[in-house]
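**Q** As they're listed, the protein sequences go chains X and G. At position 140 of the first sequence (counting the first as 1) the number is 140 in my numbering, and the numbers step up by one without a gap. At position 169 of the second sequence (counting the first as 1) the number is 169 in my numbering, and the numbers step up by one without a gap.
Keep in mind the hints are simulated off the structure, nothing from the lab. Honestly, I wouldn't trust all of these hints.
Unchecked claim - Among the chain X residues that face chain G by a calculated CB cut under 7 Å, a handful are: (1) Q71; (2) G78; (3) C80; (4) D92; (5) Q135; (6) L192; (7) S612; (8) E652.
We treat Cβ as the ideally placed atom computed from N, Cα and C, and that holds for glycine.
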Amino acid sequence: MSRVFFSSWRGEIVDNRHAPEGESAQTAFKFPEEYAADRPSKAFIGWDGFVLFQEDVDVVRLAMEYAAQYQVYSEACGRCAPGRWGGRILFDTLDKIARGEGELSDLDHLREIAQSMSLTSKCEIGKTVPTPILQMLEYFADDFLVCINQKRPSPHYGDEGTDYKAKITAPCMDMCPDHVDIPAYIEGVRDLRFDDSLAATRQTMPLAHTCGRVCPHPCEDACRRTNLDQPISIMELKRLGADYETEHQSEWFHPVERQPSIGKKVAIVGSGPAGLTAAYYLGMDGVDCDIYEELPVLGGEVMVGVPPYRMPTHEYQKDIDFCKSAGGNYILNTRVTADMLRRFETEYDAIMLASGTRISKKVRATNERTDMKGYWPAIQMLDQYNLWERHRMGEPIDLTGKTLVCVGGGFTSMDVVRCAVRCGAKKVVMLYRRDEKTIIRNTSYEEYHEAVEEGVEFIFQSAIEEIYDEDNQLVRLKINMYEEQPDPDGGRPQLVKMEGADFDIDCDYLVPAVSQDADLKYLPEEWELEMTSWNTLKTDGKTYMTSRKGVWAAGDCEYGPMTIVNAVGQAKRAASVMSRYLRTGKIELSDDEIMEDHLRKLKVYNKGEKVSGWLAGLPREHSEKLSVPDRITNNKEVNQGFTQQEAIREAERCMRCYYIAMAAV
Amino acid sequence: MINFFIDGKPVSAQKGETILQVARKEGVYIPTMCYLSKVSPIASCRLCVVEVEGTEGFVLSCQTPPTEGIKVTTNSGKLFKERQNIMKLYDVNHPLECGVCDKSGACELQNKTLEFEVTSQSFSAKEQKREIKNWGRIQYDPNLCIMCERCVSTCNEAIGDDAIEVFYGGYNSGIVPKNSETLECTECGECIAVCPVGALIATDFKYSSNAWELKQVPSSCAHCSSACALTYESKVSKTTHKRELYRVTNNFEFSSLCGAGRFGFDFDNQVAAKNEKAFIRAIQAMEKADTIAFDSMITNEEALLLQKLKTLRGYKLVNPEAQAYQRFIRTFATHSGKQLYSADLDDVRAAEYAVVFGSRIKTDNPMVRYALTNAVKQQRSDVVYLHPMEDADMLNTVNQYVKYEVGSEEGVMALLAKAFIPEANLSSDLQGYFNELDEGYLSAESNVGEEEIETMQRRSARRKNRVLILGEDVINHPRSENIAKLAGLMEQYSDFKVLIVPPKTNSLGVALICDLDDTAGNYTLGYNVKGDFTLTALGASGEEELDMPALNQQEGTITSIDKRVVPLNAAVPYSGYSLGDLANALGMKLDYTVQLTKELPVSKGFKAVSFDSLENDFARNGENLRGYVLENQSVATETSVEEIADIGEFNGTVVYRCNPVLQFNAFTNKASQLKELNVLRGSSQFATAAKISDNDHISIDLGDGNITKKVFKLDTSLKGTIALLGSFDEAISAKTVPYAYRFKKTKIAPVGNSQ
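Looking at chain X on its own, in the form it has when it is part of the complex (with noise of 0.2 Å):
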């Protein structure tokens, strides 16, 4: 709910030009009311429409400051006729109307090229620009009328008294947790120019092979193209410009040139997904960072938590190197302790902890002791694999003929189940507490079906009541069978424990699997650091820093465990706000970042739109997968991804939803 003077957006109209004092309506949008604290803004503008906070806005120049917003994007552009010519037109055409020599002619023109460029552009940001701009047109229309007949400038034509703060965005890029700029790897990819496919996604992604492969995409839940028919398989596109980049052995593509050291130092705890994202950034910014790990290996949760089937070692390897040739000092083999950090904040100018979250939960079971032989922790049994499969460190595990059980329902239960498939188990058991729908929707179709194909055994709406040991050693579980019941209230349906249902399994191995804590003992007491309900780090989820201040938290030692593109996405943030830290002392976020942040909470995607200009009905493409048989018992990678073909056929389906919005304050 905003508060405004007029504003037009995906058709609701709210019009307080002529409304008595104190009876304006509201919109049901959450426009950037306030840009940042103390700034309010006088107007937002977009693809769906414009919106005035206050009286004195000067129309005709916000049309036209649109325009050259987009004549500014277009300079990173002007690839059809359309928009590249079509642009200028309509810039020059209002430019010409707001310094008072408009004719009325010009308006005429105006309108046919904001047709012809709605109809014909290449991408959403050619065909939505005139949009706004055309409503304008249409709802205030007698101030361009007043400057073509009165051949007067508009009234605030020339002041510089309004900042205009311009973005481009696209529903896919506004979901991502890290922003990447998904349309334009895409686009790489249908131009066949792998590189600039790789250098768009490392703007914000150094991870490009991890997240070509083992992305929980939720960008494809704001993919345009589902509704029209079925969404852009956008995260395996991301895996072509990086394994080009390996099988061509080029040099690293980085999307922008490494800075010269600043002279600054900042400490980073940990090496996974966030350390290694805040490393890389900060490093190609000038920056030297020192990289503590604890393990014997880089690359955190997904070098010892995900498994090489689902993320090949040499690949994940590549994403390391590729982040280290940022340059940045890499400690193996080292906790972090209180008393260290105490030294760091003297030595280091800055500290970012993302220490990740590797304290696997209880499942709450009666008898349920971490001594117990047979119980076993997923990350610690995770660990254990991937060290020995990936490094050959440490023991190889062996479950012929073993029965394991796991709890879980997320990404790490299913990793649990599938690795213990190819260590040879006889037999393998998920118990998750909700339905099938359920955890596809935590994990995804594929991992599930996959899961399935190589015989772990799923048990729905269940539970473990009590765990049964013989002299320490777990023999066999007592599983609770659930019903759902809907929530009268709408809510999430209630768990009700179905009676009689309860039976016994005899098992060798119970994996909890069902989340995972922070293991922050490691923090100064004395720093007193917020934590938030869940016992993460708080901070106040813009610029990562905590209560402390130099000190940042990113990844899932911030959020609790979760993806690796939220790690990468906050910890890039991280990263740039402790860039700027480093140079002038303050905390603050660039203008890019603060509408980043209205937009998510605007939405880009609108799930209701109806597309034009798009044949519906093109399938997604599918990738190849390993058949059941060859891949159980080896670690190959199980999704062969796409053909060049197959490829570019999905990369042809791409509409390009960029958008611009643009924040009068």
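Once you've looked at the hints, dock chain G against the given chain X.
**A** Showing chain G alone in chain X's frame:
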């Protein structure tokens, strides 16, 4: 198969075909400006939009595959209006200099402006003045550029240089060299060909002619065995009053041309009149001669004529290069079971796995390289490049470079055959042969590691359409016969298709048509090689030479790398004598040499068709209609293979016979735009080893009795102690020395410095 309707007509599409492709196949016109069949849809012009019943807005036909049952409308008032507006936008500030623009008359912007009846302009934008860029043989005028991006896509997808890119600047956008201040590329000039307007032009052609003044003669390029389709364009010069060649154009929609073909066109032999005295001396020489030596810059018909002369008069026919090729493919045939290798350039384009072995392919045969580029871009194929020298220009294409030691080709071939022929396909004898191969020794001596072979096997495991491309290094290898046997086994028993690149323009034709002799006799008539009497298309000088027509001055056919017999046409007149005249003087009865086209040996796969019935074009769907393809006949097989010979060492300063980009032979070097000095090109490491430096005049002792003087040029793109030496200046001076292995141990001595 997807059935749908275009303008009410029921049509169908194959999987992957777009609406535009189906429309073109069906002969339905949809206007385009940026579309180019040979690259992926660019989608910049937006002219190809169509209406689809039930779909709001317009649909882009160039990149949209149809769905079942849709009804497509390709033209309507609304579509015309929007297409007209796009043309108006293209015309905004386009300089009105058609009168002096090279493209005028053949300009797609002009054509479409007229087609869409743009008679007035309702849009305007600020004008901008932009500088014309001079990139050597190529010029770029951004003022004329409409940003269709055809050039960029072509350079990246069809050629592989990836040398130009779009400078993103909205209204100020332009085309710029990629990662470089000026254009650095192999100068194929294909960007000029595909440019729909006058933005990219050939510097040499600029202001020299209007398009409509030029006479067009479709022919085939005579410079290498790809024999690409091209059109010679000529007019009568106002200064010399002779018909002269002005440029070459090509069907850029479905084929490409390299820079030698595009810029090296004026190699015609201009002869004032018939030189009767020389002709008589030539006849006398022929009567005296017991040998005719010739090279493979020759038509099939002339080759047959020579063969007939051999039958008639018992000449020895000597052509060591073609003979080496002939031996290679004949031996190959005995082990593959087919007279010819099975792969062609289309197979390379479709390959998911390609192995290039024994060739510096970029310059040996640019079309093979372009086909590999296509494969990599369209199929993401794995390309393995086995050679003693890396080629920096191939990095975009190659994803596994395997370096082997000079001389070890036979061992490498054995390792390949063992790695890729499934054991089960082999007889027990051959199984035994491969089991007994001393892989350790071969690996150690060739320097091709087991790991490299394993990588090849792993990467190829899921790859279909495998191709093995063999180059001249193995054809002219001392152990070529056994290499050919092993390659033949690969063809027969593995799923690889093999392509054996003919080293010269018509090596394949000559190899099939002529019975060649090992050594010359006492008196040699040379045809484009030095003889006791010489027939030359490079311009006769002296008493012992007679002019001959160059390959752009005569009709005839060439047998290309694709095993395709393609026609050559006379682009400029020739007023001297031809080989046919000499043959007639010796008693043969030929009205025209191309009478022989239908007499080419059917037993070798040729067809008894007349020259005039040969087409030289592509169908609307891109199908190659040029000439005809040889029938690949079965031959009796044998399976004998020899032990791999000991691998000798090639230490010190090694020189590799390899032409620079744009050069193939004395004819490319004769072309006015391509003439250059033949220098020895080497790395700084080579310079150190040879104790020479940049621009030194040096003498090179090739160890075969030939000492040649050259200038040394440092080439920073090269590594190692092998230097490159072209042979493009040698066509005439070369005696009939054995056409030997391309690598030579040399002695190099400085004789001065030019700086």
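**Q** Look at each hint and say if it fits the structure.
**A** Hint by hint, here is what the structure shows:
no. : hint : verdict
1   : Q71  : holds (6 Å)
2   : G78  : holds (4 Å)
3   : C80  : holds (5 Å)
4   : D92  : holds (5 Å)
5   : Q135 : violated (19 Å)
6   : L192 : holds (5 Å)
7   : S612 : holds (4 Å)
8   : E652 : holds (5 Å)
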